[in-house]
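Asks: Please put together the full structure from these sequences, using the hints given.
2 protein chains.
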Amino acid sequence: MFRKERKEMIVEKYGGTSVADVDKIKAIAKHVADLKKCGENVVVVASAMGKTTNKLIALAKEVGYAKNDRELDSLLSTGEQQTVTLLAMAIEAQGVPAISLTGYQAGFITSNHHAHARIKDIDLTNLQKHLNEGKVVVVAGFQGATENGEITTLGRGGSDTTAVALAAKLGWNCYIYTDVDGVYTVDPRVYPKAKKLPSITYKEMMQMASLGSGVLETRCVEIASKYNIQLYLGRALEEDLSKGTYIMEHKQIEDMPITGISVKEDYAIMRVRNIDNNGEYIGKLFKLIADLNINIDTISQQEGEAGKVNFTFYCNTTQSELIVNNYDEKKYGYPIERILGFVKLSVVGVGISTHSGIASTILNTLTQNGIRYYQITSSEISVSLTIEKHDKEKAVAVLAEAFDL
Amino acid sequence: MFRKERKEMIVEKYGGTSVADVDKIKAIAKHVADLKKCGENVVVVASAMGKTTNKLIALAKEVGYAKNDRELDSLLSTGEQQTVTLLAMAIEAQGVPAISLTGYQAGFITSNHHAHARIKDIDLTNLQKHLNEGKVVVVAGFQGATENGEITTLGRGGSDTTAVALAAKLGWNCYIYTDVDGVYTVDPRVYPKAKKLPSITYKEMMQMASLGSGVLETRCVEIASKYNIQLYLGRALEEDLSKGTYIMEHKQIEDMPITGISVKEDYAIMRVRNIDNNGEYIGKLFKLIADLNINIDTISQQEGEAGKVNFTFYCNTTQSELIVNNYDEKKYGYPIERILGFVKLSVVGVGISTHSGIASTILNTLTQNGIRYYQITSSEISVSLTIEKHDKEKAVAVLAEAFDL
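Chains as they are written, first to last, in the working numbering: chain A, 501 to 905; chain B, 501 to 905.
Hints are computed from structural coordinates only; laboratory data are not their basis. Where is the CB? At the ideal position from N, CA and C, for every residue including glycine. Worth double-checking, as some hints may not be accurate.
Only pairs whose alpha carbons sit at most 30 angstroms apart, straight line, appear in this in silico DSSO-like list of lysine-lysine [said to hold, decoys possible]:
(1) LYS526/A - LYS551/B
(2) LYS551/B - LYS524/A
(3) LYS567/B - LYS629/A
(4) LYS555/B - LYS551/A
(5) LYS561/B - LYS526/A
(6) LYS561/B - LYS567/A
(7) LYS555/B - LYS524/A
(8) LYS524/B - LYS696/B
(9) LYS537/B - LYS743/B
(10) LYS536/B - LYS551/A
(11) LYS567/A - LYS703/B
(12) LYS537/A - LYS620/A
(13) LYS530/A - LYS555/A
(14) LYS530/A - LYS555/B
(15) LYS561/A - LYS555/B
(16) LYS696/B - LYS561/A
(17) LYS537/B - LYS629/A
(18) LYS536/A - LYS620/B
(19) LYS696/B - LYS743/B
(20) LYS567/B - LYS537/A
(21) LYS743/B - LYS524/A
(22) LYS530/B - LYS555/A
(23) LYS551/B - LYS567/A
Short, incomplete list of chain B residues facing chain A, as computed with Cβ under 8 angstroms [unchecked claim]:
(24) VAL522
(25) GLY564
(26) TYR565
(27) GLN581
(28) GLN582
(29) ALA593
(30) VAL596
(31) SER600
Replies: Below, the structure written as structure tokens:
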């Protein structure tokens, strides 16, 4: 389907590279104005221009920023605010009424977890008023405010989350525009022969996302799935919408048991040995992890020496560092080990639960190619393995070939 | 008096050049942290860094900004927001707790005149809470918000107005830091031999400001005068406070009848000839001028031909353009003339009302030097004349010599 054939109410989201300079902003403004002139109702969500966020973080570090996320959030939020005002001006220059709204003005009420706030609700009153007046509404992505008016940011994938949450609340479809063509079976930077998927289910996408596909954050897909919002992911200003990937409840063509392979970089193994198996230590450790706001996956327990147990879990390098820095050995009673240099590989597909032999194909393929794997976990639609970093490319290539991805 | 000897509650305002780069921000942060460590209560008001505002305006023009001041206000407000977050981080890096507040967060409730909003009130609840917690509060200058949460800016001299209004509301003294040493008898760029004033009264300063001295906007001095807030104007980070100028109700040393000469550049004469003298036209013209939010000064009426009247007023070039662009000759019935290329010169001093002969000294001095003057107006503390632009330097020099400035 081509864009011109649509007649919808849509949320369009443009990432930083799509609005990196004045010419790009003008091109997007023209596109949005054309949509509006065709009678579509459009809400646009935009990120900060190009490298703005990184530049602001660099400035903050230069003045001695240590850990005041409240100030950093207020600083970073200016990036999106600048983009949306410029975009609104550029849309008006195309003869279409437009208005920009900050996260606060757009009604994004969040928790007070600075730097990784959660959206509690969206009060659409103000936004709806402007839509009713026939305006294109341009909303600053990545940001919201607490009930007290403190500016917050939503953390990784924040602007995507803004767009999807808004689409969910409005009941509209959501188009996420970026600088890639769509979702691939494998990250093309890791495996250049990877194929682009015309569609993918929410569940598969969530697995791909949470397992490191790097295209959409899990939380966005979660929201889309929860409210059954059709997501589209594709290249900005590409008029042919068959070139991107649709993310939806059920795939249109369910031809492949395996949808793709995703890679989560910078993985660390954390291990505590020979602990008393009475739950006390584990309780304390889990409290620490929760306090640090870390979601760990793949926790396992093995028998240790003399009735004691070993306890292993995986997380990314940054999180592992956070744990190590906040882990007081005296308080917890046992030393914690950290081993770096891993990646987590996941084979994803709704066919996994219905096609037998997939796990064994994976393990055989790796073994035949001399690739060592550490931890295996599986869900209804995925099989994940931890492997050493240097085996990454090889493992992806042999598995992609084995499953014809 | 040296700063170290003070023990006060103060509002300090830093302009764009004082916070132009990271090193300057850090230097100011150290100074503010030192004040706080000495037990002073400090609220800091800051402008956007260096040329940020101009750069944002340039970006807006590039994307096709025409007249949407609502969007421009939201865009420009990010400049100050960035400065204050960085400054708060830098103060915290000095070991002193600090928090930044946007205009909205600091409680600045304004009219909805975008680009030149007026402060209606300041709700100090939030700011006071942070002060009570022992923090340095860093407030974004130049901005506020309407009751509906729309971001506004205060127009020319906006950050100074923020600082003085805050000082007035808190009942504190206000230090305005800039890149000049203080208030001079004449703008040193026009007359290099000008002398710096140790103090000046509110009334004199208002005349100097409204008549183009370019150091402080009239509205700031108005507020200071209304609430009797002592203002200090001087160079940022200069520790010796005897080097700047104090602005207060009464001068400490009242030795000179004339305080200074101020120059208002880019003046235009607007004239309508031979109108019926029944008030109808004037009423309509005044309504237009009010709608355009222009304050004109020096209006005069002369006899025209056959019982009709001529009508002349003065305003700056930009305002004159605005009037011409919005003046519909058909609707008003008379053509309006505009003559460019003037400046307004004002001789200011509380001595004018008590020392006779000052007006005649001015006029004689100009005539003897072959300088033609057009319109003369006088107030209790000033005499103003419109002269041709090319006579500016000469007129300032001969008058400064005549009054030993």
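Asks: Decide, hint by hint, whether the structure agrees.
Replies: Here is what the structure says about each hint:
1. Straight-line distance between C-alpha atoms of LYS526/A and LYS551/B comes to about 24 angstroms, which keeps the hinted pair within the 30 angstroms bound.
2. Distance hint between LYS551/B and LYS524/A is fulfilled; the C-alpha atoms sit about 24 angstroms from each other, no more than 30 angstroms.
3. Between LYS567/B and LYS629/A the alpha-carbon distance is near 22 angstroms, which keeps this suggested pair within the 30 angstroms criterion.
4. With a C-alpha separation of about 17 angstroms, the suggested pair LYS555/B and LYS551/A falls inside the 30 angstroms cut-off, and the hint holds.
5. A C-alpha spacing of about 12 angstroms is found between LYS561/B and LYS526/A, which places the hinted pair at or below 30 angstroms, so the restraint holds.
6. Taken as a hint, the LYS561/B and LYS567/A pair is broken in the structure, with Cα atoms around 37 angstroms apart against an allowance of 30 angstroms.
7. Under the criterion of a C-alpha separation no larger than 30 angstroms, the hint pairing LYS555/B with LYS524/A is consistent with the structure, at around 18 angstroms.
8. With a CA separation close to 25 angstroms, the supplied pair LYS524/B and LYS696/B stays within the 30 angstroms bound.
9. Annotation: proposed proximity of LYS537/B to LYS743/B holds, straight-line Cα distance about 24 angstroms (limit 30 angstroms).
10. The suggested pairing of LYS536/B with LYS551/A is violated, with an alpha-carbon distance near 36 angstroms, which exceeds 30 angstroms.
11. Between the alpha carbons of LYS567/A and LYS703/B the distance comes to roughly 47 angstroms, so the proposed pair goes past 30 angstroms and is violated.
12. Straight-line distance between C-alpha atoms of LYS537/A and LYS620/A comes to about 34 angstroms, which puts the hinted pair past the 30 angstroms bound.
13. A C-alpha spacing of about 28 angstroms is found between LYS530/A and LYS555/A, which places the hinted pair at or below 30 angstroms, so the restraint holds.
14. For the proposed pair LYS530/A and LYS555/B, the alpha carbon gap of about 23 angstroms is at most 30 angstroms, so the pair holds.
15. Taking the CA atoms of LYS561/A and LYS555/B, the gap is about 23 angstroms. The hint holds against a cut of 30 angstroms.
16. Annotation: proposed proximity of LYS696/B to LYS561/A is violated, straight-line Cα distance about 40 angstroms (limit 30 angstroms).
17. Between LYS537/B and LYS629/A the CA atoms are separated by roughly 49 angstroms; this puts the pair beyond 30 angstroms, and the hint is violated.
18. Of the pairs offered as hints, the one joining LYS536/A and LYS620/B is violated, with about 37 angstroms between alpha carbons and a cut-off of 30 angstroms exceeded.
19. Distance hint between LYS696/B and LYS743/B is fulfilled; the C-alpha atoms sit about 9 angstroms from each other, no more than 30 angstroms.
20. Our distance criterion of 30 angstroms between C-alpha atoms is met by LYS567/B and LYS537/A, whose separation comes to about 21 angstroms.
21. Restraint check for LYS743/B and LYS524/A: the C-alpha separation of about 50 angstroms exceeds 30 angstroms, so the hint is violated.
22. For the suggested pair LYS530/B and LYS555/A, the alpha carbons sit about 23 angstroms apart, so the restraint of at most 30 angstroms is met.
23. Between LYS551/B and LYS567/A the CA atoms are separated by roughly 28 angstroms; this keeps the pair inside 30 angstroms, and the hint holds.
24. For VAL522/B, the interface hint holds, since its Cβ comes within 8 angstroms of a Cβ in chain A; the closest pair sits about 4 angstroms apart.
25. The criterion of a C-beta within 8 angstroms of any C-beta in chain A is met by GLY564/B, whose closest approach is roughly 3 angstroms, and the hint holds.
26. At about 4 angstroms, the closest approach between the beta carbon of TYR565/B and any beta carbon in chain A falls short of 8 angstroms, and the interface hint on this residue holds.
27. The interface hint given for GLN581/B holds, since its Cβ lies 5 angstroms from the closest Cβ of chain A, which is under the 8 angstroms cut-off.
28. Checking GLN582/B against chain A by beta carbon gives a least distance of about 5 angstroms; that is within 8 angstroms, so the hint holds.
29. For ALA593/B, the suggested interface contact is upheld, since its CB lies about 3 angstroms from the closest CB of chain A, less than 8 angstroms.
30. Checking VAL596/B against chain A: minimum C-beta separation of about 12 angstroms lies over 8 angstroms; hint violated.
31. Hint status for SER600/B: holds, given a least beta-carbon distance of 6 angstroms to chain A, under 8 angstroms.
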